[in-house]
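Chains A and B, in that order, are what the protein sequence lines are.
At position 45 of the first sequence the residue is numbered 45 (my numbering), and the sequence of numbers has no breaks.
At position 110 of the second sequence the residue is numbered 378 (my numbering), and the sequence of numbers has no breaks.
By construction, these hints were calculated from the structure, which means they are not laboratory data.
A portion of the hints provided could be inaccurate.
Think about it this way: if two alpha-carbon atoms lie no more than 25 angstroms apart in a straight line, the pair counts; the simulated DSS-like pairs of lysine-lysine are [claimed, not checked]:
1) B:Lys-336 - B:Lys-470
2) A:Lys-24 - A:Lys-38
3) A:Lys-159 - A:Lys-143
4) A:Lys-155 - A:Lys-109
5) A:Lys-127 - A:Lys-155
6) B:Lys-374 - B:Lys-470
7) B:Lys-470 - A:Lys-109
8) B:Lys-568 - A:Lys-159
9) A:Lys-33 - B:Lys-374
10) A:Lys-127 - B:Lys-470
11) A:Lys-255 - A:Lys-24
12) A:Lys-143 - A:Lys-211
As the structure is a computational prediction, the values presented were derived from the model and not from experiment.
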Amino acid sequence: MSNPFQVQVAERTASTAAIRLEAKDVSIFYGDKEAVKKVGVSFRSNTVNALIGPSGCGKTTFLRAINRMHDLTPGARVTGQLMLDGINLYGSDVDPVDVRRRIGMVFQKPNPFPTMSIYDNVAAGLKLAGETNKSKLDGVVEKSLRGAALWEEVKDRLKAPGASLSGGQQQRLCIARALSVDPEILLMDEPTSALDPQSTARIEDLMESLKEQVTIVIVTHNMQQASRVSDTTSFFLLGDLIEHSPTAQMFTNPKDQRTEAYISGKFG
Amino acid sequence: MTTDVKRPRSMTSAADTTFKNIIISLASLVLVAVFLYGVVLIAGGFPAFAREGFGFIFGLDWNPGTEKFQALPFIAGSFLTGFGALIIAVPLSVAAALFIVEYAPKWLAVPVGYMIEMLAAIPSVVYGLWGIFVLIPAVRSFQSWLVGVTGLDWTPTGIGLMSAILVLAVMVIPYVCAIARDVIQLVPNDQREAAYALGATKWEVIRYGILPYARAGILGGVILGLGRAIGETLAVTMVIGNASEIAKNLFSSTATMSSLIASQFGEAGGVQLNALIALGFLLLVFSVIVNLIARVVITKLTPVGTRL
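Just chain B, with the same shape it has in the complex (with noise of 0.2 angstroms):
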């Protein structure tokens, strides 16, 4: 048995410094790449911003035929289809991290956690498929029967903002659910404990020990859900509709900014490839924004001493 290694002191201090640099540059790479996309974005965008000014976000005028490029009916739309999805997404999520967590015996919360997760990796064109088969007749069905009790002068058609947000709806559940799940598992027994020693019953408990110590994690997935929501373009171009106007009603055709990119870039050329960047670079900035508000509400909302 060797008991002394030789190895020299300077070898040692030399291979560290190798791996220092190349780490500093691979994530220094991170940095550039998204500056350079920023600064791609803001050159591609910068005619259609100087075309229409303010009036790019404000102005509702969105026609490549007469060359108006205004996005508010897609801002509109993505934020619409964004926390329209996660009404419906959150209480199913939390309600289901709950069962998974304090209801389910252990036979079925495995399964059906994994379940949930596998939601996240079915395609999102195979949910587009989904919605187009199955939400948007449902959706007519359901918006025919609308026409029939109200009288009012619609045509049920099934695409529009009312499908899209239903499909992001269950494409978000999973993501707030694992990380719903998650923070709930992570709240510490003696908190359980603490509240069930007060003569709390089982709701009381969850109320009162678990969904305020769990708050803040349940946002963050929340945040990421909108996120997730406000990015995703194959299947809600598949189910909106894509009509350049602000919608008029829950179940109007509209558009979002990602579906929007996805319907026009193909045949866009001049001004309305410009404006389309532009459109990119503020999905980015709102992103960005989104993040940001998550953060602060976020470091808020953890208890005291709790934080990590």
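One chain only, chain A, in its complex shape (with noise of 0.2 angstroms):
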């Protein structure tokens, strides 16, 4: 099978501020449910974008939609076009591994493999695409150690057990992890909701220097964390997107009067 990905790579550093991630009419359906409704959106290279909205709003089912997380829900169907650099995420040629090798994830609760040491956990994803060479391997886990702002606190111990970091580091962990075979975009899915404050607070400081490397969208409960992180954010409400806005302009001067009335905690 021809990869369309490959094509594209040489061009990937020379667009920057270009639209990276398009979606055009996406629905998304459980069965017969459609939990996602004819969504337009556009994100740009490296910026950091929040999905917003109720629980149930349909935020976390798009961003699963993104890197084909979806191909593995039984009976869930995507229709409509998402397209990464020019290219349908959905077209008959893609191969959903590829898509999520391009386009990384980090979940909700951290998840790192808790048999393997921390630098195995990093050095998966590259070792799942083949990756033999050793110093390569250690010049990629510090790397992306680095990236993670988790090299100077486990740089003595990498053969000790992923899991037994704490919360917070495991999450960053995780954010290695998925830096390690260098995605285009990192999807969040509301990572600091199982965390801490304080580690909180590192892993959004993390963000602005992650979105030097990659365009990220994260969804989150957090309205402040919204408005602090984004550069972009989206207001989805019962499967519509309802609003999608620079951060700033979203929190500030609201378009619709239900975003205002959401990020004012009128509901939700």
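Got two chains here, separate frames each, mind docking them using the hints?
Here it is, written out as structure tokens:
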């Protein structure tokens, strides 16, 4: 199978601030239920994009469609187009395995592989991709751990089990693991909801530096977090994308009154 | 409606004390039973131990006619059949468990799982009969074919070590498979998603996300299966040939500790009876050792942070 991604890699760095990810008329169904309705939105390179909205509004569903995680949910179906650098991720010649290598994901609860060391956790993605060169692996592991602001804390115990770290460290380990395969997009599904305020602050700081390498799409329940970390915010309600605006504008001068009602805490 | 239930404090605690005492005595009864069990086996087996010394465990000569009682052939038989059965049963069981949990649609997973569990409910004499009427002829034809190809001077009988291993393998599968299925089901979904999100294929998710997480539990099932295989008596006795000698090859007649006890106990007297009881004691000791090793290995394999 030809890999439509390969062509794009060279052009990748040239087109910063270009549109990286674009959804056109994306609807997501669970069986007959339409959980996300004809969403159209685009995210630019090297930005942090927050998805907010009350529980059940479809924001996590939309996020999981981006790296084709929904292929794994029985009965889930996606229509419309999701374009990464102009390639439809749901195109018939696209392998979901390739999509997930391009689009990393960090989950709500830290989920390091508990039988693997810190080192092996970070190296896992590369080993899956077939990399066996030890010095290459060493280099990427260090770079990824530095990228996730964890290197200084773990550099002397890379052989320790990944699960022996604290919750906040485990989440940064998961970020390092996602970074190791050099993804273009990093999806974060409420990455700090299981963490204490201090660990949350560290990860929020981290996002600022991460966007130099990747485009981030983050689902968050916490509107303060959205306003602190993101460049754009998308507000979902009952499966509809109500508003997508620059974050500063969304939180000071929302266009839609439902957005205003939500961010001022009238519901949700 | 009465809001004030008059229940004297003292009465409640008296009932608690009584209940606690009953529970403690019942629990102690189990310990006493195990203790007496050991005492009876040691006392009954002592004359044989005294007569043969270490030769009882390391000697090859078991002959009631000359009153030599050395049990190595049967110790070897038990471990050969037990581990042989595991070599066949474990890959099949883990594969079946993975199929049930990870691949099969629900309408297929439930009946398949149920049928595998059913294997555990079949009485061992039925396995023995199946061994005699199905396995032994099959093994015999295989042996004949082997003799034809290699020119070995075997008499193909079908009875012996291989048939015992095969019958035990089938008997052990439901235990290993049921436990493997349960622990694979218990692997948190976020482990699967973590692997998928890194671009893993289904096989890689199983290889890196599921099996490492479940390995301690699967091994627990394997040990349980080994215990079952070493302890199984009737079905083995029916197909193994009950020869008091160490197996010379994969197809020769031999015996296990339990099959020897079953086949000789009826007509045994004197020192032979002592020797069989001593063999029973050895069987107990081996079970304890296997379980202790299992505990250590399982603790070592259980991933940090997932220990209950």
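So, going through the hints one by one against the coordinates:
A distance of roughly 58 angstroms separates the Cα atoms of Lys-336 (chain B) and Lys-470 (chain B); the hinted pair therefore is violated under the 25 angstroms criterion. Proximity of Lys-24 (chain A) to Lys-38 (chain A) is assessed by CA-CA distance (about 7 angstroms); at most 25 angstroms being required, the pair is judged to hold. This hinted pair checks out: Lys-159 (chain A) and Lys-143 (chain A) have alpha carbons roughly 17 angstroms apart, not beyond 25 angstroms. Note on Lys-155 (chain A) and Lys-109 (chain A): the hinted pairing holds, with a Cα-Cα distance of about 23 angstroms set against a maximum of 25 angstroms.
A threshold of 25 angstroms between alpha carbons decides the hint, and for Lys-127 (chain A) with Lys-155 (chain A) the separation of about 20 angstroms falls inside it, so the pair holds. Proposed proximity of Lys-374 (chain B) and Lys-470 (chain B) is supported: the alpha carbons are some 18 angstroms apart, at most 25 angstroms. For the hint pairing Lys-470 (chain B) with Lys-109 (chain A), the CA-to-CA distance comes to about 22 angstroms; that is within 25 angstroms, so the pair holds. Proximity of Lys-568 (chain B) to Lys-159 (chain A) is assessed by CA-CA distance (about 16 angstroms); at most 25 angstroms being required, the pair is judged to hold.
With a C-alpha separation of about 21 angstroms, the suggested pairing of Lys-33 (chain A) with Lys-374 (chain B) holds against the 25 angstroms cut-off. For the hint linking Lys-127 (chain A) to Lys-470 (chain B), the alpha-carbon distance of about 15 angstroms falls within 25 angstroms, and the restraint holds. For a cut-off of 25 angstroms, the pair hint linking Lys-255 (chain A) to Lys-24 (chain A) stands: about 21 angstroms separates their Cα positions. Taking the CA atoms of Lys-143 (chain A) and Lys-211 (chain A), the gap is about 15 angstroms. The hint holds against a cut of 25 angstroms.
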